[in-house]
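Keeping their order, the protein sequence lines are chains A and B.
In terms of our numbering, the first sequence opens at residue -5 and continues consecutively.
In terms of our numbering, the second sequence opens at residue 2 and continues consecutively.
If you are wondering where the hints come from, they were derived from the structure by calculation, not from laboratory data.
All figures in this text were calculated on a predicted structure; none of them were measured in a lab.
Backbone N, C-alpha and C define an ideal beta-carbon position, used for all residues, glycine too.
Heads up, some of the hints might be wrong.
To give an idea of the interface, some chain A residues facing chain B are shown, with a C-beta separation under 8 Å as derived from the structure [claimed, not checked]:
id, residue
1, R41
2, L49
3, V121
4, A130
5, R134
6, F172
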Amino acid sequence: MRRLWSRIDERLVAPGPGFRVAEIQILLAAVIALRLATRDWSLIAERPAALRDGLTVMSWYTGTPTPAALVAVQVVGLACALLVFARVRPHLAFIGLWIAFTSLTALWGSSGKVMHNDVLTVLVASVFLFASTPHASGWRDVRVRYGWPPRAALAVLAMAYFVSGAQKLVHSGPGWVFSDNMTWVLRLGLSAHLSGGARPVAEDLAHAVAQYGWVSASLAGGALLLELTAPLWLAVRRTRLLFVVSVTLMHGSIWLFIGLDYWAWPLTVAAVAVPMSLAPDRALWRRAEVVSAAGAPRQ
Amino acid sequence: MSDQEQSAEQKREARVGRAVTWSVLAVMAVVAVGQLELWPLTAFRLFSETRTADQTRLELVAEHRDGTDQPLLVSETNPVVVTTDRQFGDLPGESEEVQREMVLAWLSVSGVDPATVASVRLDRIAREYDEDARTWADVDRTTIVSVDP
């Protein structure tokens, strides 16, 4: 057990190339910018104060923000994202982007329902608040400070999916898969739009899946297995890409069948796991001659 | 920078890495085990309860002074406001003053003039699924609480 722990620790704090931290920071900033840009945040202002509910990082603020203030936070966040892309004070800009996004999503979700749509992005990105980012001239540097943030991000991803799977077993047991649970999830999801929820894209297909118990049970089993084994998929470099594909299929089917928008999850997984599926000396968008697989600069 | 200084620097960076990583994972674990919801810290309970054929839903109904009933459709066009229907269940446990505030807020976002409403009642509705029609039908209705706005 001690040897295993020691190996995990060695891998976590092994040196890594500067370009990997920069790549993942840029990709996460792109995911956040996409979410920031594609939502009308001023709608938060229409919620009466009496209907605000739930504990969030924004619970200290009890007022109702004006539409102009909400749009201003959105614009500041997007400006910070541009600075991250342009590599102008990227660390400071990323902190600004994270604060803007986290504040707006916390306010958006303070209506009584725990909103998970953006929570994975916020948690994974939080690792990079403490990460050093290399200057343009330091992308080739191999340091411990550039090695641990991408691995910490992978660990947060693995933890989130594993806990999500474990909670299903804790609260429902094997019946989550082997009962007609998924059939009723689908049938309830298909009617959610009647009370203001999202309308599924593939209604007929969802009805067909709900009709055949073995198909819906297989879907449930596949989803639970994927969540519980996330740490294994993400621990091995060669299976990370497969995990990205698998979670995209899982969240894509949720969107198709019950209309829930969880696109930020596979995008966040891809932002971290795709660069981390490459050989350590191979940059995502730069030439490969920067460092050796062992982490030492190539001559 | 000498080799010794470089090694000390790398050790310091490793300590920061360990502290950040294990702290974040430990907080996530505590929140999950404690079933806490302190957004963005969450217990990740996504569809964790088993769904069955026995379904109920809550509905707010405005009883107008002219004797007509109107179910409140809470601002279906605003995704921020629409999820406030999750708070219908909190209504019976609140003080009369808070109940009145909440009901007035729901009337407002539903576009209903409070002056035309005698009272607002909260109904629990039992539902059954019709396999042929592929829809849910209301089969029983019980009033849980009634509030005068």
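Hints, verified against the model:
Contact between R41 of chain A and chain B, as hinted, is supported at the beta carbon level, the nearest pair being about 5 Å apart and thus within 8 Å. A cut of 8 Å between beta carbons decides the hint on L49 of chain A: the least distance to chain B is about 5 Å, and the hint holds. Checking V121 of chain A against chain B by beta carbon gives a least distance of about 6 Å; that is within 8 Å, so the hint holds. With its C-beta approaching chain B no nearer than about 20 Å, A130 of chain A sits outside the 8 Å limit, and its interface hint is violated.
The closest approach between the C-beta of R134 of chain A and any C-beta of chain B is roughly 16 Å, which is over the 8 Å cut-off, so the hint fails. The interface hint given for F172 of chain A is broken, as the beta carbon of that residue sits about 10 Å from the closest beta carbon of chain B, more than 8 Å.
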